[in-house]
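Residue numbers (the numbering used here), protein chains in the order written: chain A, 50 to 166; chain B, 8 to 116.
Don't take each hint at face value.
Stated by the list, open to error - Under the rule of at most 27 angstroms between Cα atoms (straight-line distance), these lysine-lysine pairs were calculated in the DSS-like manner:
#, chain 1, residue 1, chain 2, residue 2
1, A, Lys92, B, Lys75
2, B, Lys112, A, Lys107
3, A, Lys92, B, Lys112
4, B, Lys62, B, Lys112
Hints were generated in silico from the structure; no laboratory data involved.
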Amino acid sequence: EVQLVESGGGLVQPGGSLRLSCVASGLDFGREYMSWVRQAPGKGLEWVAKIVPDGSEKYYVDSVEGRFAVSRDNAQNSLSLQMNSLRGDDAAVYYCARETFWRFDWWGQGALVTVSS
Amino acid sequence: QSPLIQPRSVSGSPGQSVTISCTGTSTDVGTYTYVSWYQQFPGKVPKVIIYDVTKRPSGVPDRFSGSKSGNTASLTISGLHLEDEADYYCCSRTGNYATFGGGTKLTVL
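Take the sequences, apply the hints, and build the full model.
Structure follows, in structure tokens:
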């Protein structure tokens with residue numbers, strides 16, 4: 050069974066940085082497209098970033114472009130999201146998800162990011 | 008990268024049918040067959056219930072069906088059950104990105 054386990058969430062001050070990680074099991078990670086999707090408290094889902102299987106291409110929603118960086122280590126079956134210059138509207142539960150032809154068919158349990166002074 | 012437009016809420020009685028619309032543009036829903044729908048219960052992880060506009064993953068009841076016409080995709084739930092009460096989100100390919108709808112809260116009265 051596929052498992053995606055996020056870690057690294059927490060409380061950070063505005064302008065600060067945080068790095069989320071997601072460890073995958075039960076899938077051929079090095080062949081998978083992976084994405085981060087977030088959900089602000091009481092709000093809807095928002096796709097954040099995507100990385101292709103070999104890590105050569107990365108895509109971001111406009112609001113995080115230049116501040117967030119997605120990366121992966123296929124040898125460790127891990128996905129990361131480095132978040133810099135965090136703002137209040139970045140506060141959310143961040144899910145890592147496997148993406149198969151633009152459908153998100155496996156999700157982690159989520160990592161809560163709180164941005165507050 | 009504007010969200011797809013969904014009604015904020017819909018409601019129905021057990022046994023009835025409801026349809027949730029998802030309106031995009033010619034750059035997303037209107038162009039691609041990569042439209043998916045997600046069901047999310049409070050405090051839980053989203054679950055895909057429809058993908059590629061009309062396909063259902065294994066285990067999803069056939070009461071759930073999807074369709075698309077022009078720039079609008081739709082999710083229809085036939086024969087509503089009380090346990091269908093949840094939030095529903097559409098999602099479409101938008102070039103190299105994915106765009107979600109704002110979500111629809113389904114209340115089963």
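Given pair status - Lys107/A, Lys112/B, alpha carbons within 27 angstroms
32 angstroms, violated
- request: Assess, step by step, whether the Cα of Lys92/A is no farther than 27 angstroms from the Cα of Lys112/B, and give holds or violated.
  value: 11 angstroms, holds
- [ ] Verify the proposed pairing of Lys92/A with Lys75/B, using a straight-line Cα cut of 27 angstroms.
- [x] With Cα atoms ~25 angstroms apart, Lys92/A and Lys75/B stay inside 27 angstroms; holds.
Does the structure keep Lys62/B and Lys112/B at a Cα separation of 27 angstroms or less? 22 angstroms, holds
Violated hints amount to a single one, hint 2; each of the other numbered hints is respected by the structure.
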